[in-house]
Every structure is written in structure tokens, then in C-alpha cells.
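Peer 1: Those protein sequence lines, which keep their order, are chains V and D. Residues in the first sequence are numbered consecutively from -3, following the numbering used here. Residues in the second sequence are numbered consecutively from 1231, following the numbering used here.
There could be a bad hint or two in this list.
[Said to hold, decoys possible] Pair by pair, the computed Cβ-Cβ distance ranges are:
id	chain 1	residue 1	chain 2	residue 2	range
1	D	H1248	V	R8	19 to 27 Å
2	V	T1	D	P1291	38 to 46 Å
3	V	R89	D	Q1247	20 to 28 Å
4	V	K38	D	N1289	20 to 28 Å
5	V	G12	D	N1289	39 to 47 Å
6	V	F42	D	N1289	44 to 52 Å
7	D	F1299	V	A73	22 to 30 Å
8	V	E52	D	L1313	20 to 28 Å
9	D	P1291	V	Q10	43 to 51 Å
10	V	G12	D	N1301	41 to 49 Å
11	D	K1282	V	R8	40 to 48 Å
Please keep in mind that the hints were generated in silico from the structure rather than gathered at the bench. These numbers come from a predicted model, not from an experiment. Glycine is no exception: its CB is placed at the ideal position from the N, C-alpha and C atoms.
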Amino acid sequence: EDQVTQSPEALRLQEGESSSLNCSYTVSGLRGLFWYRQDPGKGPEFLFTLYSAGEEKEKERLKATLTKKESFLHITAPKPEDSATYLCAVLDRGSTLGRLYFGRGTQLTVWP
Amino acid sequence: DAGVTQSPTHLIKTRGQHVTLRCSPISGHKSVSWYQQVLGQGPQFIFQYYEKEERGRGNFPDRFSARQFPNYSSELNVNALLLGDSALYLCASSPGQIHQPQHFGDGTRLSIL
């Protein structure tokens, strides 16, 4: 059973059109939730860590929020350079040190 | 500062061969993890090492093995390669505290013919 589900699988936005990506998780206890950005042919690039419900983090046009069941990555007025796959990963309290469970990602395309 | 470096960047092997992938963590990071990413999917956990000891293993067969050296660099070995082993192999490092994020290299693209 998938522990991390991301939606939508793909999202196309026009430049400036704000939207949100969703990451829902089912773990026995959340130790941390991580958002990464991955460009084609590259490794995931760390964006945010969230540890408890109600927490929010911001970086430029991105804002990540966390509830007890899901996280959202809000993209405000996106630009073409924001095009990438966004991955969500969770660290389960029951997992061994450093074992991240990833979703399949949301492929974001921002067109001019 | 240099990020996580992996070598080689690309590799082509045939079924039955073995392969060794290498990873150098960010300076000062003592924890190294290996992940396999198949096209269109998220990374899947293979191993985690901390202070040269294995701390975690994912659901991968015994053909997969790894080790960490005194300088905290790491190797991933895969024996008896199968077509299904074709993937991007990612290495991630972190200082070691569980709440600290893992930082990834750009991976080794392994293709099995």
C-alpha cells in the first residue's frame, strides 16, 4: 500500500497562474515531511522540511503547508523556470534512520 | 562547497554482470543513503549507512550490497544484473541527525542490455 500519494500526476499552468500540489500520506507517525524539486537528468533538490501540523515554510514563489493527513505546495505566479517534477517524501517514526518514503511526484509545466 | 558527487554518471552493462557505483558525501556529512529511481516513479530506499555501519535496508535482493568507508564515501554493488535493474541510482547524504534533510547527488544512470 502506497504511503505517499501525490496529485495531480501532471499539471500545466500558464505563467502567472497560481495553483497547489497535494501530497497525502498514511504513516503511523510523521517524523518529518520533505519537498524536493527534480529537473530532468538531475537528482532531487531539497526545498522544505515540515515537522508538525500547522507548520508553513516559504521560499520565493513556493509555500509548503502541513496538516495531519496531507501537505500542499502552493505555487504563486509561477514562471517557466519553475517547471520540474516536485517530489514529496515522509519520514515515518517507525522507520530506520533516514529512510524516506517518496511519492511518484507531480510533473509541473509552466508555459509562457 | 561541493555537493554530493556520484560516479560514473552513466553506465551500460549486460545481464549477469556486476557493477560498482560510488558516492562522495557533502563534507562533514556522516550519513549516506542509496535510492533507486525507475523512470516515472519516486526514489525507493535501498540502504542507509551512518558512521560506517548499516542502519537500514529496503526491500531489495541480496544481489545489492553497500559499504561506507572511513572518509564517509560509499559504494553500492549490484551483482548478477537483471534488465529490471535499469534505473537512476541516487546517493544522498546528511549530517546524521534524523530530522536533517538529505541532499542528493545527480545519480548514476544504469542501463542493462
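Peer 1: Against the structure shown, which of the earlier numbered hints fail to hold, in ascending order?
Peer 2: Of the numbered hints, 1, 2, 3, 6, 7 and 8 do not hold.
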